[in-house]
Each structure stands twice: as structure tokens, then as C-alpha cells.
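Visitor: In terms of UniProt numbering, the sequence shown opens at residue 1 and continues consecutively.
Think of the hints as simulated: they come from the structure by calculation, not from any bench.
Since this is a predicted model, take the numbers as computed values, not measurements.
C-beta: ideal position from N, C-alpha, C; glycine also.
For each label pair, taking beta carbons as the anchor points, the in silico distance ranges come out as:
#1 72 with 126: 29 to 39 Å
#2 66 with 126: 23 to 33 Å
#3 6 with 69: 15 to 25 Å
#4 138 with 18: 14 to 24 Å
#5 140 with 91: 17 to 27 Å
#6 73 with 35: 35 to 45 Å
#7 58 with 4: 31 to 41 Å
#8 93 with 139: 21 to 31 Å
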Amino acid sequence: MKTEPTKYTLSVEIVCFLLLIISSILLCVYWNHIPDKLAMHYDFSGSVTRYGSKTEILIIPATAWICYVLMSVIAHYPQIWNTGVDITETNRERVYRTLKSMLVTLKLVVCTLFLSYIPIIVLQLALPGWWIFIVVGIVFLILGGFLFHLYHIK
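Turn these sequences into a full structure, and let the hints steer you where they fit.
Guide: Structure, rendered in C-alpha cells:
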């Protein structure tokens with residue numbers, strides 16, 4: 001079943017795509033200004049545990065593009081998703097619309113997260129150890145909110 005995009009899903013799709021395009025262009029434009037050796041990993045106290053070549057940064061936008069494409073393909077086949085709720089003719093469209101909204105919201109979080117790493121690495125910023133817990137918490141809050149809404153669709 002094909003669901004028509006809502007204003008929300010269409011807006012988020014456009015923002016995700018623009019984030020990917022702009023960050024890819026900026027990476028190309030500033031490539032020569034990036035140091036050859038960068039801190040790639042920090043421990044919880046903020047100490048560098050691994051250095052790497054600047055070409056390793058290319059893994060980040062490549063992974064973001066792959067996630068974007070895969071999540072976009074998955075969004076077009078809601079009938080194969082394991083929803084956890086009974087889908088009937090009366091609730092099918094609302095369930096699929098809710099799931100698609102959840103997926104594009106998570107896509108925005110994934111794109112933003114991956115692409116925020118590029119300036120963090122280039123500027124040699126050490127994120128605090130608790131930062132990952134906030135990111136995971138945001139993902140679970142989004143999932144929880146959409147799943148709560150999903151289970152209350154009659």
C-alpha cells in the first residue's frame with residue numbers, strides 16, 4: 001500500500017536530503033584545509049585513544065548516504081514492517097502513516113548525528129562521555145512516542 005506523504009514527512013525528507021548534500025559539498029570545499037592526521041576516537045574522559053587519516057572522514061558521509069537510501073527504500077514498503085499491532089482495513093492508512101512519520105524522524109536523527117561528526121572530528125572537539133547517553137535517549141524517546149501513538153490507533 002502506498003501512503004501519500006504528509007507535509008511533515010515531505011519536509012523532513014527534504015531537510016535530510018539537503019543536510020546530506022550540503023555536508024558533502026562542504027566536505028569537498030574544505031578538504032584541503034583539514035589536517036592530514038585527526039583524532040578519531042576519545043575515551044569517556046575526553047582523551048584521544050586513536051588517530052587516523054583525514055580520508056577516514058569519508059566513511060561518515062558515505063554511511064549517512066547508505067542509511068538515508070536504505071531507510072527511504074524501507075519506507076516505501078510498510079506492508080513488510082512488523083508493526084506489533086493488528087492492521088485492519090480501517091486503521092491501515094493511519095498505522096502506515098504513523099510508521100512512516102517515525103521512520104523519517106529517525107532518518108533525520110541519523111543524518112544529523114552522522115553529519116555532526118564531521119565538524120566535531122575536524123575541529124578536534126572531545127565530546128563528554130555522557131553525550132552518547134543523550135543521543136540514545138533521544139532515539140528511545142522518539143521511538144517511545146511513536147509506538148505509544150501507534151498502539152492507541154483503533
